[in-house]
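Chains as they are written, first to last, in the numbering used here: chain A, 1 to 211; chain B, 1 to 211.
Keep in mind the hints are simulated off the structure, nothing from the lab.
Be aware that one or more of the hints could be misleading.
Identical chains share a label here; the pair holds if one copy fits it or two copies do between them.
Computed cross-link-like contacts, EDC-like style, restricted to lysine to aspartate or glutamate with a CA-CA straight-line distance of at most 20 Å [as the list claims (entries may be wrong)]:
#, residue 1, residue 2
1, Lys210, Asp169
2, Lys144, Asp197
3, Lys144, Glu84
4, Lys193, Asp169
5, Lys193, Glu84
Fair warning: this is a prediction, and the values are worked out from it, not measured in the lab.
There are 2 protein chains.
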Amino acid sequence: MRVLIPLFDRFTALDAVGPYEVLSRLPGAQVTFVASAVGPCRTDTGSLAIVADASFEDADTGDILVVPGGPGSRAAATDVSLLEWVRRIAAGSTWTTSVCTGADVLGAAGLLRGLEATTHWSATERLASYGATYSARRVVVQGKVVTAAGVSAGIDMALMLAGLVAGEDIAKAIQLAIEYDPQPPFDSGSLSKASADTVELVRRVIAARKP
Amino acid sequence: MRVLIPLFDRFTALDAVGPYEVLSRLPGAQVTFVASAVGPCRTDTGSLAIVADASFEDADTGDILVVPGGPGSRAAATDVSLLEWVRRIAAGSTWTTSVCTGADVLGAAGLLRGLEATTHWSATERLASYGATYSARRVVVQGKVVTAAGVSAGIDMALMLAGLVAGEDIAKAIQLAIEYDPQPPFDSGSLSKASADTVELVRRVIAARKP
Numbered sequence: 001m002r003v004l005i006p007l008f009d010r011f012t013a014l015d016a017v018g019p020y021e022v023l024s025r026l027p028g029a030q031v032t033f034v035a036s037a038v039g040p041c042r043t044d045t046g047s048l049a050i051v052a053d054a055s056f057e058d059a060d061t062g063d064i065l066v067v068p069g070g071p072g073s074r075a076a077a078t079d080v081s082l083l084e085w086v087r088r089i090a091a092g093s094t095w096t097t098s099v100c101t102g103a104d105v106l107g108a109a110g111l112l113r114g115l116e117a118t119t120h121w122s123a124t125e126r127l128a129s130y131g132a133t134y135s136a137r138r139v140v141v142q143g144k145v146v147t148a149a150g151v152s153a154g155i156d157m158a159l160m161l162a163g164l165v166a167g168e169d170i171a172k173a174i175q176l177a178i179e180y181d182p183q184p185p186f187d188s189g190s191l192s193k194a195s196a197d198t199v200e201l202v203r204r205v206i207a208a209r210k211p
Numbered sequence: 001m002r003v004l005i006p007l008f009d010r011f012t013a014l015d016a017v018g019p020y021e022v023l024s025r026l027p028g029a030q031v032t033f034v035a036s037a038v039g040p041c042r043t044d045t046g047s048l049a050i051v052a053d054a055s056f057e058d059a060d061t062g063d064i065l066v067v068p069g070g071p072g073s074r075a076a077a078t079d080v081s082l083l084e085w086v087r088r089i090a091a092g093s094t095w096t097t098s099v100c101t102g103a104d105v106l107g108a109a110g111l112l113r114g115l116e117a118t119t120h121w122s123a124t125e126r127l128a129s130y131g132a133t134y135s136a137r138r139v140v141v142q143g144k145v146v147t148a149a150g151v152s153a154g155i156d157m158a159l160m161l162a163g164l165v166a167g168e169d170i171a172k173a174i175q176l177a178i179e180y181d182p183q184p185p186f187d188s189g190s191l192s193k194a195s196a197d198t199v200e201l202v203r204r205v206i207a208a209r210k211p
């Protein structure tokens, strides 16, 4: 079971590391972080770099593709070498997935056309430009294409995938191993639950970001 | 607001990246990953390396210290240079925290003596050897010392800290930004919820690991 996670400039760390933490625990799984070149790849904050251990040339087949999102996703969605690699891996994968605005990359690669999909709540309107229809579910499964909502939703998606790939007993063991019994101290984690002021505050922060 | 996250060989990625993803979004926060030497530091699986951007000598003060855990925590708890650094940072910090078996490091540094604390559910019996008393809560606050349960509990801990440091409005905005509205597909995330078979399976996996 080979899991490939592509990295690009200004990705969001948890989008990638949430699924990694779950899927790397599947029996026989080998997770590889991939980028245009081997070496450190910086997240959106600039204060964290994850090492890509393989280049796109090195990693030519995978069973599970997980594309993270982040503020860099729109630039990534115009990176021809990344899109070609994503299409090549997706052609042979068992599961092709994205977390958060990683959906921009799947969409730009033409892989969401005609499908329901999700992404970060602030970026849902972009899905139509890829021929996809937004679904408000946290994880959206369409055949072998699975999209997850923003950032932390990748953990839920990966646990669901773990169940499909290795069975519920293994998935439940992974959930216990990472003690995933969430107890958020607030109830503000989705557009439908957060206050209007909270939504406005986050929209302002996102709008002020470099595109 | 300076956040320091020490890394060591065979740490667990999500222990560090969960709190990073929350705390890096605090207004004015600067997160720095620190290790004995600048450069990549490998996680427990071997398939992920995070770059330490500062050495222990480079990073001599911090407001929030977050010590991750992982299978390497027991070796880390015997690393004199790490323990000295942790004690030095903790002496000047506003918050001294651990996630998962990062409690081994705080404990070995003498920082849990006389306190209630938590850690990964599989490692609770070690707390007594540090003079601490195990508490089954997901996040345990004792003055400025905060310990979180296994792996994913660091996200909940960091959101709670964000509320204490910057106020609930900011913490709720961060929760929305990372769309943290958890919907685990199973209900097997704690010792009290998982089946006996699931617990036994995870205990066997942990017991088979290199100490």
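Cross-check of the supplied hints:
1. Lys210 x Asp169: Intra 43 Å, inter 24 Å, cutoff 20 Å: neither.
2. Lys144 x Asp197: neither (37 Å within a copy, 30 Å between copies)
3. Lys144 x Glu84: within (19 Å within a copy, 50 Å between copies)
4. Lys193 x Asp169: between (32 Å within a copy, 14 Å between copies)
5. Lys193 x Glu84: Neither, since 38 Å and 44 Å both go past 20 Å.
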